[in-house]
Amino acid sequence: MRKWIPILVLLYSPMLLAEIIEFPEEELAQESVLPIFDRVEVVKSRNVDVDSRFEVGAGIGFNLTEALYDNKSLNLNITYNFSNLHAVNFIYISPFTGLSNMGEDLANGKGLSGGRFDASLAPYPKGYMLLNYQLTAYYGKISLSKDYVMNILLYGMAGLANVTFSDTTAMGATVGMGQKFFLTKNLGLRFDLIGIAFSGPDPTSATNLNPTLITSQVPSSSLEDTLYFRTFFNLGLEYLF
Amino acid sequence: MKMLVNSLMLLVFLVSPLHAEETISTQGESYNIAKRDRNSSSNRSNKNTSRRTSKSRSRVKPTRDKSLLAQALSYAKSGQYQIAAQELFKLSLDPRYKDQRMQIKYILGLMLYQMDFDQLSAFQFISVIKKMDPKYLKQSLEKLSMAADKLGDDTLLNYAISRVQVEKFPRSMRDMLYYRIGEYQIRAKSYSKAAQSFQRVKRTSNFFEKAKYLEAQSYAELGKVKKSIELFNDLYDSQANKSVTDPARVSALVGSARAYYQGKNWDKSIELYRQVPRDTEVWHDTLFESSWAMLRSGRFRSALSNFQTIHSSFYQNFYLPEALLLRSIVYLYICKHDEMEKVLNLFNTIYKPVYKDLLQYLKDIKMPSEIYDEVDEMMEEFKENGEEMNMSKFRLPFIVGRQISKEGDFKRSRNYIKKIEAELRKLYQMPNDWKNSSLGRYAERILKTRLDKAIKKAGRQLRRHLVNIRFELFDLFEQEGFIRFEMLNGKKEMMKKRVAGKELPKTIDEETERDFFVQNGYQYWPFQGEYWLDELGNYHYIGTQSCE
Numbered sequence: 001m002r003k004w005i006p007i008l009v010l011l012y013s014p015m016l017l018a019e020i021i022e023f024p025e026e027e028l029a030q031e032s033v034l035p036i037f038d039r040v041e042v043v044k045s046r047n048v049d050v051d052s053r054f055e056v057g058a059g060i061g062f063n064l065t066e067a068l069y070d071n072k073s074l075n076l077n078i079t080y081n082f083s084n085l086h087a088v089n090f091i092y093i094s095p096f097t098g099l100s101n102m103g104e105d106l107a108n109g110k111g112l113s114g115g116r117f118d119a120s121l122a123p124y125p126k127g128y129m130l131l132n133y134q135l136t137a138y139y140g141k142i143s144l145s146k147d148y149v150m151n152i153l154l155y156g157m158a159g160l161a162n163v164t165f166s167d168t169t170a171m172g173a174t175v176g177m178g179q180k181f182f183l184t185k186n187l188g189l190r191f192d193l194i195g196i197a198f199s200g201p202d203p204t205s206a207t208n209l210n211p212t213l214i215t216s217q218v219p220s221s222s223l224e225d226t227l228y229f230r231t232f233f234n235l236g237l238e239y240l241f
Numbered sequence: 001m002k003m004l005v006n007s008l009m010l011l012v013f014l015v016s017p018l019h020a021e022e023t024i025s026t027q028g029e030s031y032n033i034a035k036r037d038r039n040s041s042s043n044r045s046n047k048n049t050s051r052r053t054s055k056s057r058s059r060v061k062p063t064r065d066k067s068l069l070a071q072a073l074s075y076a077k078s079g080q081y082q083i084a085a086q087e088l089f090k091l092s093l094d095p096r097y098k099d100q101r102m103q104i105k106y107i108l109g110l111m112l113y114q115m116d117f118d119q120l121s122a123f124q125f126i127s128v129i130k131k132m133d134p135k136y137l138k139q140s141l142e143k144l145s146m147a148a149d150k151l152g153d154d155t156l157l158n159y160a161i162s163r164v165q166v167e168k169f170p171r172s173m174r175d176m177l178y179y180r181i182g183e184y185q186i187r188a189k190s191y192s193k194a195a196q197s198f199q200r201v202k203r204t205s206n207f208f209e210k211a212k213y214l215e216a217q218s219y220a221e222l223g224k225v226k227k228s229i230e231l232f233n234d235l236y237d238s239q240a241n242k243s244v245t246d247p248a249r250v251s252a253l254v255g256s257a258r259a260y261y262q263g264k265n266w267d268k269s270i271e272l273y274r275q276v277p278r279d280t281e282v283w284h285d286t287l288f289e290s291s292w293a294m295l296r297s298g299r300f301r302s303a304l305s306n307f308q309t310i311h312s313s314f315y316q317n318f319y320l321p322e323a324l325l326l327r328s329i330v331y332l333y334i335c336k337h338d339e340m341e342k343v344l345n346l347f348n349t350i351y352k353p354v355y356k357d358l359l360q361y362l363k364d365i366k367m368p369s370e371i372y373d374e375v376d377e378m379m380e381e382f383k384e385n386g387e388e389m390n391m392s393k394f395r396l397p398f399i400v401g402r403q404i405s406k407e408g409d410f411k412r413s414r415n416y417i418k419k420i421e422a423e424l425r426k427l428y429q430m431p432n433d434w435k436n437s438s439l440g441r442y443a444e445r446i447l448k449t450r451l452d453k454a455i456k457k458a459g460r461q462l463r464r465h466l467v468n469i470r471f472e473l474f475d476l477f478e479q480e481g482f483i484r485f486e487m488l489n490g491k492k493e494m495m496k497k498r499v500a501g502k503e504l505p506k507t508i509d510e511e512t513e514r515d516f517f518v519q520n521g522y523q524y525w526p527f528q529g530e531y532w533l534d535e536l537g538n539y540h541y542i543g544t545q546s547c548e
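From first to last, the protein sequence lines stand for chains A and B.
Quick note: the first sequence uses the numbering used here, first residue 1, plus one each step.
Quick note: the second sequence uses the numbering used here, first residue 1, plus one each step.
Please keep in mind that the hints were generated in silico from the structure rather than gathered at the bench.
Be aware that one or more of the hints could be misleading.
No more than 30 Å apart at the CA atoms, straight line, and that leaves these computed lysine-lysine pairs for BS3-like [stated by the list, open to error]:
1) K44/A - K383/B
2) K356/B - K366/B
3) K202/B - K242/B
4) K393/B - K44/A
5) K150/B - K138/B
6) K406/B - K44/A
7) K411/B - K143/B
8) K366/B - K456/B
9) K264/B - K406/B
10) K426/B - K456/B
11) K383/B - K426/B
12) K227/B - K210/B
13) K44/A - K411/B
14) K342/B - K185/A
15) K226/B - K210/B
16) K342/B - K44/A
17) K435/B - K143/B
18) K342/B - K141/A
19) K210/B - K143/B
20) K44/A - K352/B
21) K356/B - K44/A
22) K419/B - K383/B
23) K342/B - K497/B
Based on the provided sequences and hints, a complete structural model is requested.
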């Protein structure tokens, strides 16, 4: 970490040979109230005007509440903005296949009093399709250095989910929030935190998932259903057309 | 003072013949209605069984007459205002009640006032005042003031003032009287007399703040800057315990800043302008006015900082031609000829079409009511949809319409028209028997006549402002020509120097390695084309002058 310090210092130090203009104190803001207009509009001539525009993006994500399977995923998203406030958004999340470290341990019988438990022998989610209504709660800007300003957008979303398992599908509900940081007027970083609730086959309800005894995946019909709450943290790049 | 009131009476009659004529014609209307009412009542009595009643009424004895009035009064006392008003109206037209007519009219006015028919009630009080019946004069004046205040219409009140001597006014209304007299004197440009009238308004009066402001303004008009500042300060001090955004307090501040500007004390003027709170309506005006003071005191950077706000997108639909020319003048002073040309071109791009459209509009539209309707509709739509409204559907340029709609006289007239419209709507919502009664028909006719005349008056006010804008723009185009000439001259001089090999200073666009210093606790960032409400007034121009 220490090697970054000189770089950060250089980034934030004033430019050499800069001309200095001093502002009289009385010219600087004395109060933090807003001027009055007939109609209140917080911003004019927006740098990032999303009204009637498409956004397309892709990135990676993490299932924060997944214990048995690999929690990494890829995601694609497409958004259509009806206005600067309202939008509809489609997200496809494709989880990585395989088991998590804990899942591997169970498959190898670690921590079990005899026997093995291979969750990959049970049906597991292969893809999530989310269709959300998106509402922008806040559009603003952030100045990380005195020479650089970045526009930011905070939004909430809610909608429906379709979860595809190996041999079945399930419907669910989603709710989430996200934040975009616009690097330019068209390109931005997108961070989403999405909660998905759906009902699906429960691998732990299987009588036996021992890989030494079972060679093929058990069907969903032989497992009990359970209600899942999954939390995804996605991040990626997004382009505004 | 008597002489003053008498001359004022004359003045009022000369200045507002419309109103005098209106009042008389209204009286005419009421008598016509009376005749019609009697005819219709006798017609009805011929057709139905009430004939006997009608006949017996015509032979009614004085005692019976008194009982009719007593009954109407008992309705009034018991709060049955609708019935009482109907009965009193009939009695007010009845020749048998000639002696009690003023009493009846006064009480009828009270009933109508209670029913929120302010305009109708004011007419009753006016007719009492006109007859100068000492028994009801003071009460009528008092009630008329209240009704006129609710209506926001001072023509009725001014008419009453013109008819009555100051001494006859109730004591409680004297301050109002002095204030109104002062207003008249200001309109007649008798500033010295106006200041004296305003001075007579007591500090405890509701009119004190307005009167003190106008008194100070009168002295400013007389060129007595010191006295004017003294009075503005007095007003400001009297509001010291009120909120910083209190209109009187802010007005005192602005008035004082203007007076210092008038006295060529630019620094003090700028200092006071800066104290005007941003969350007040007048702040927008002070921004532009302080830019003038900055220019006069040679603070070009500060003036340009202000222009960044004034010419932001928040003001794109505001009528501010002078601000653009002022900006170009500041650029001229600091030899930014390229920037100056951009600003002058912008001025032409915006205001030449406006001027052309305005000329055409004034040529095409002659009816005052048509102008009023257009501006009223424009403002209603703006209120509903903001700047996303369809501006192209109006023949009048939106920025001009918006500008003239803010004029004080028109605002007062429009406010009054809205009150009359509301009163008319209220009338239509009354029960059918009331609405169709002689009083209802009389009320409808009065209100419609008032509405029609008020709309025409407002339309004339608008037309006058449009004509003023036309002249102003014409004048500004001429000034733009002079400024452009100076710009070309400046460019020529710079070219000469360049040809002679003299090194010219870098322009702001070439300056990339610059920094500026602000106090601790402040944050700053570069402007990137996006305007934020909370940034207005906080822009700081960091360019330097390009002159040698």
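Hint check results:
1. K44/A - K383/B: Answer holds: K44/A to K383/B is near 18 Å, not above 30 Å.
2. K356/B - K366/B: Holds, because 17 Å separates the two Cα atoms, which is no more than 30 Å.
3. K202/B - K242/B: Given pair K202/B, K242/B holds - Cα atoms ~19 Å apart, limit 30 Å.
4. K393/B - K44/A: holds (24 Å)
5. K150/B - K138/B: holds (19 Å)
6. K406/B - K44/A: holds (23 Å)
7. K411/B - K143/B: Holds, at about 24 Å.
8. K366/B - K456/B: holds (11 Å)
9. K264/B - K406/B: Status holds; Cα separation ~28 Å.
10. K426/B - K456/B: holds (22 Å)
11. K383/B - K426/B: Holds - the C-alpha atoms of K426/B and K383/B are around 23 Å apart, at most 30 Å.
12. K227/B - K210/B: holds (17 Å)
13. K44/A - K411/B: The hint holds at about 28 Å.
14. K342/B - K185/A: The given pair, whose Cα atoms are some 25 Å apart, holds under the 30 Å limit.
15. K226/B - K210/B: holds (19 Å)
16. K342/B - K44/A: holds (21 Å)
17. K435/B - K143/B: holds (24 Å)
18. K342/B - K141/A: Holds - the C-alpha atoms of K141/A and K342/B are around 29 Å apart, at most 30 Å.
19. K210/B - K143/B: Roughly 22 Å separates the two Cα atoms, so the pair holds.
20. K44/A - K352/B: Holds, at roughly 25 Å.
21. K356/B - K44/A: Between K356/B and K44/A the Cα gap is close to 28 Å, so the pair holds against 30 Å.
22. K419/B - K383/B: holds (18 Å)
23. K342/B - K497/B: holds (23 Å)
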